[in-house]
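Construct the complete structure from the given sequences, taking the supplied hints into account.
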Amino acid sequence: MSDIKPSISTLSFVGFHVNSAIANGHLESVSFDELYTALEQGQLFEFLDSKLPSEFDFSLFKAGSDQHIGFHQVINSIAGGLQGRERKKLGLSNSNHGLSLLLAFILEALQHHDWV
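Going from the sequence shown to my numbering is simple: count from 1 and add 4.
Read the hints as simulated data drawn from the structure, not as lab findings.
Note that the structure is a prediction, hence the values are computed from the model and not measured.
Even for Gly, the Cβ is constructed at its ideal location relative to N, Cα and C.
Check the hints yourself; a few may be wrong.
[As the list claims (entries may be wrong)] Pair ranges (Cβ atoms, derived): (1) S97 x T41: 14 to 24 Å; (2) F20 x K66: 27 to 37 Å; (3) N100 x S54: 29 to 39 Å; (4) S16 x E50: 13 to 23 Å; (5) S16 x L56: 13 to 23 Å; (6) I8 x E50: 13 to 23 Å; (7) S97 x K66: 30 to 40 Å; (8) F20 x E50: 31 to 41 Å; (9) S81 x S13: 29 to 39 Å; (10) K92 x D70: 31 to 41 Å; (11) N98 x G68: 14 to 24 Å.
[Claimed, not checked] Below are the SDA-like pairs computed for lysine to any residue, each with C-alpha atoms no more than 25 Å apart in a straight line: (12) K92 x E112; (13) K66 x V120; (14) K66 x H30; (15) K66 x F49; (16) K9 x W119; (17) K9 x E38; (18) K9 x N28; (19) K92 x S33.
The following block contains the structure:
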């Protein structure tokens, strides 16, 4: 694994899109398990695009780009440290609220200064 980190604007941009998708009625469209699987595969953006067409615009983060790689690495690392402890650490108990979980991961990345 390389030491690439996303920019703060990448984390914010994705967070705003996730928040918008939740506000547009997609709170229960992604489960925790689906989120973890997509992160482990390094395919989160692609998964979200296919699961919720036209909700996201990740065109700035082409597969293989530093921002794409950095985002996945940082968020996947945070997810690994919180998996199974979502309720205790993040206050999230409904496993159908994967977008809320992703937003919490982004906030954790911001808080831990996992960005450039």
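Consistency of the hints with the structure:
1. Taking 14 to 24 Å as the suggested C-beta distance range, the pair S97 and T41 conforms, at roughly 20 Å.
2. With their beta carbons about 19 Å apart, F20 and K66 fall outside the hinted range of 27 to 37 Å.
3. In this structure the supplied range 29 to 39 Å is violated for N100 paired with S54, their Cβ-Cβ distance being about 18 Å.
4. With their beta carbons about 21 Å apart, S16 and E50 fall inside the hinted range of 13 to 23 Å.
5. With their beta carbons about 19 Å apart, S16 and L56 fall inside the hinted range of 13 to 23 Å.
6. Taken as a hint, the range 13 to 23 Å holds for the pair I8 and E50, whose Cβ atoms sit roughly 18 Å apart.
7. Take S97 and K66: their Cβ atoms lie about 35 Å apart, and the range 30 to 40 Å holds.
8. In this structure, F20 and E50 break the distance hint of 31 to 41 Å, their C-beta atoms being roughly 19 Å apart.
9. At about 20 Å, the CB distance of S81 to S13 disagrees with the hint of 29 to 39 Å.
10. Between K92 and D70 the Cβ separation comes to about 33 Å, which falls inside the hinted range of 31 to 41 Å.
11. The hinted window of 14 to 24 Å between N98 and G68 is violated, with their beta carbons roughly 34 Å apart.
12. Straight-line distance between C-alpha atoms of K92 and E112 comes to about 14 Å, which keeps the hinted pair within the 25 Å bound.
13. For a cut-off of 25 Å, the pair hint linking K66 to V120 stands: about 18 Å separates their Cα positions.
14. Note on K66 and H30: the hinted pairing holds, with a Cα-Cα distance of about 24 Å set against a maximum of 25 Å.
15. Distance check on the hinted pair: K66 and F49 sit about 9 Å apart at the alpha-carbon level, within 25 Å; holds.
16. Proposed proximity of K9 and W119 is supported: the alpha carbons are some 5 Å apart, at most 25 Å.
17. Of the supplied pair hints, the one linking K9 and E38 holds, its CA atoms being roughly 23 Å apart against a limit of 25 Å.
18. With a CA separation close to 29 Å, the supplied pair K9 and N28 exceeds the 25 Å bound.
19. Proximity of K92 to S33 is assessed by CA-CA distance (about 22 Å); at most 25 Å being required, the pair is judged to hold.
Comparing the model with each earlier hint shows violations of hints 2, 3, 8, 9, 11, 18; every other hint is respected.
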